[in-house]
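Here's the letter readout for the chains.
Number of protein chains: 2
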Amino acid sequence: MIAEILSVGTELLMGQIVNTNAQFISEHFPETDVYVYYHTVVGDNEKRLKECLLIALSRADVVITTGGLGPTQDDLTKEVVSMAIGKKMVVNEEVLKGINGFFAKKGRRMTKNNAKQAYFPEDSILITNKMGTAPGCLIEYQNKIIIMLPGPPREMQPMFMESVIPYFSKNTSHKLHSVFIRLFGIGESSMENKISDLIKTQTNPTIAPYAKSGEVTLRVTAKYNAKSESYKNIMKPVLDEIDKRLGEYIYSYDNIDLKEVVFLLLRDKHLTVSFAESCTGGLLSKYLTDISGSSEVFDSSFITYSNESKIIQLGVSKKTLIKHGEVSEQTVSEMVSGLQKKTTSNLVLAITGIAGPSGGSRKKPVGTVYLGLGYKKKIHTQKLNLWGSRDRIRHVTCLHAFNFIRKTLLQEENV
Amino acid sequence: MIAEILSVGTELLMGQIVNTNAQFISEHFPETDVYVYYHTVVGDNEKRLKECLLIALSRADVVITTGGLGPTQDDLTKEVVSMAIGKKMVVNEEVLKGINGFFAKKGRRMTKNNAKQAYFPEDSILITNKMGTAPGCLIEYQNKIIIMLPGPPREMQPMFMESVIPYFSKNTSHKLHSVFIRLFGIGESSMENKISDLIKTQTNPTIAPYAKSGEVTLRVTAKYNAKSESYKNIMKPVLDEIDKRLGEYIYSYDNIDLKEVVFLLLRDKHLTVSFAESCTGGLLSKYLTDISGSSEVFDSSFITYSNESKIIQLGVSKKTLIKHGEVSEQTVSEMVSGLQKKTTSNLVLAITGIAGPSGGSRKKPVGTVYLGLGYKKKIHTQKLNLWGSRDRIRHVTCLHAFNFIRKTLLQEENV
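Top line first, the protein sequences correspond to chains L and V.
Reminder that position 257 of the first sequence reads as 460 in the numbering used here, one-by-one numbering, no gaps.
Reminder that position 191 of the second sequence reads as 394 in the numbering used here, one-by-one numbering, no gaps.
The set of hints was computed from the structure by calculation and includes no laboratory data.
None of the values given here were measured: they were computed from a predicted structure.
Watch out, some of these pointers could steer you wrong.
Since the list gives no way to pick one copy over another, a pair counts as held whenever it fits inside one copy or between any two copies.
Pairs of lysine-lysine, BS3-like flavour, derived with a Cα cap of 27 Å [claimed, not checked]:
(1) K521 - K586
(2) K308 - K397
(3) K566 - K586
(4) K300 - K439
(5) K373 - K333
(6) K415 - K309
(7) K397 - K315
(8) K567 - K397
With the hints as extra help, turn the sequences into a complete structure.
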């Protein structure tokens, strides 16, 4: 089936918000064999909305609207749809009672505007909204299906996943299953080169590469008949081949990111870490502590941004800083030694580098970063030559740092 | 004039990317009296693209396309436009030479596919692309204007700002000027209440409130005739009134954020800072060091995530931790004292709190945060009761921390 997403809202046309609803729906609809061919955005204007709706009904089997279900005069999606398809608006007593109760609880009386949210085109099926007061609805009309959902993503998304997807799934025995393979240490084009034959000849499963600053993800999607097939069998030959060619770069098959992989590794091994950060300025620690429960593995960090603080807090020698510079293998090694003395962590990692945009030189351009890792009485170092903006360099440095930890811990297992 | 944005690309319909181009253009076009009434997204398909183009030409004065200008078979925007309006495709020799040179430099020969990028509908005006190989173009056709830009935002954005905006500006003597007033410490609805009469009766300038987690921005936009009016005169009465009612919450009129305001304050006063972070885990330091040049004011931070590290690194007493808990006024004060001993910074700030989602109790629920600030031998503390996700609590804590520093430094000036 072909779908069109019709997003209603002047704030989209003024560029105040970006249309993430269209992206979300487009991404998930194919799971039920519904394919999005058009997105349209129109303002809160009766005439233009009606015209857009009629165009959508002329070229798509499914029209899904987002926005315009609220209580104000501006919200007119349901009203325009009912008019366009010649249906009356009828009240849903249960919804009306719910809205009444909502205001009673607050010690206020429901206004006429709010009652508007309890009216729906005749014969429509209600879609419950657990996150807000405006329910959605679905109506079948002359072999077409019209679905109306609210605009706020935190309301729209669960309604789509919990009501719309199941509605279409029941009509199809075909299902989709995706595996997200996450890679680090290889660029998008190098990766594509290594599997270009697989991408070109893909049928089922399909393979889609995505790049995000410093990282690559491959989505492998199998289409299968849930009654007679197993997606595992369909996927296996392709997954095996990808693993053979790209295995050294793959760090996850579960769509979890590097920091989570490192967190789980450390937790399973009952290890704690501490960091010393210079150019990343706290970003590495921030990433690890994004994870609730990171206190199980994370002890402390020293953000030694100034040279003086490297000397005072970590005991880096002034001589080293003068002779080799703050961005050097020697300095990062001394930062590691300092960390080992100051903390009781099992594994410590230090970072010093030039994140830019200024501070680079011919010998040490912006993007020069040293990592130092101390584990089991050994100090390992790594030099990175990164490119891009300050934000990118800081972010990619953290990815390398997590990967350094990951590789060190996995190597140990293989010895 | 009324505009429609027609974005071409199957990756948008598959939800692989979100249509930020439509947002960007919608936001900036009104500066030249062009108003976006429709967004449409369609795939790389000749028939459907042509149909969408004809609909757009029937309802808008300006049709601006993004995407489909590249070298592959899939890229067919220029071809479809020229067909739809009955123009021949003609080669632009200069562009062709440029593409040839691009490949020669790489020691490769230009393929036929790449030559495609040098062909444009007859009579069109070229739009230079400094960031890529595919130029855009503009063509006037029967009182309509069709503009074709490439899809990648880093190519499209400068082309739009440097070529499209000036093209339309020359036809209008009206200009827009916006001031962004940034506020902290007041919610969106309280702010709206305080100025609801101004918002309701707005004509010129217009007032638009925006909320972003923990912060509020007011955009005040004046429309003026550049030849005969000054935007300052139009804005002044409204800006004065807003300042009178909301001045205590306003921290910037220049659309710079809290961390930058703090950075500039510290720099101008030749002060340095150090932080001790517990629940924010490095985020406060990360925010400050997002600013290139922050080394002028930032010395170091201690991220003391574990209780043990609070004792070892900052000298917080075990007794205090047991008696009052790690999230308490007493603990944060001792963290401040520890920081003052460990660093030579003029101002130090410490944070301890419960970011959640777990770790809360009835007495200290998730969102309980203490800030401690040490400056000129005095220690000030502040208790926050925040709500929301772990990410939100950590982010809003940092905003409060920066605001605490800002208020302390400004108070000093007023004494």
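Against the structure, the hints:
no., hint, result
1, K521 - K586, "within (22 Å within a copy, 40 Å between copies)"
2, K308 - K397, "between (62 Å within a copy, 26 Å between copies)"
3, K566 - K586, "within (13 Å within a copy, 48 Å between copies)"
4, K300 - K439, "neither (53 Å within a copy, 48 Å between copies)"
5, K373 - K333, "within (22 Å within a copy, 50 Å between copies)"
6, K415 - K309, "between (46 Å within a copy, 26 Å between copies)"
7, K397 - K315, "between (63 Å within a copy, 25 Å between copies)"
8, K567 - K397, "neither (32 Å within a copy, 54 Å between copies)"
The structure does not agree with the numbered hints 4 and 8 stated previously, though it agrees with the rest.
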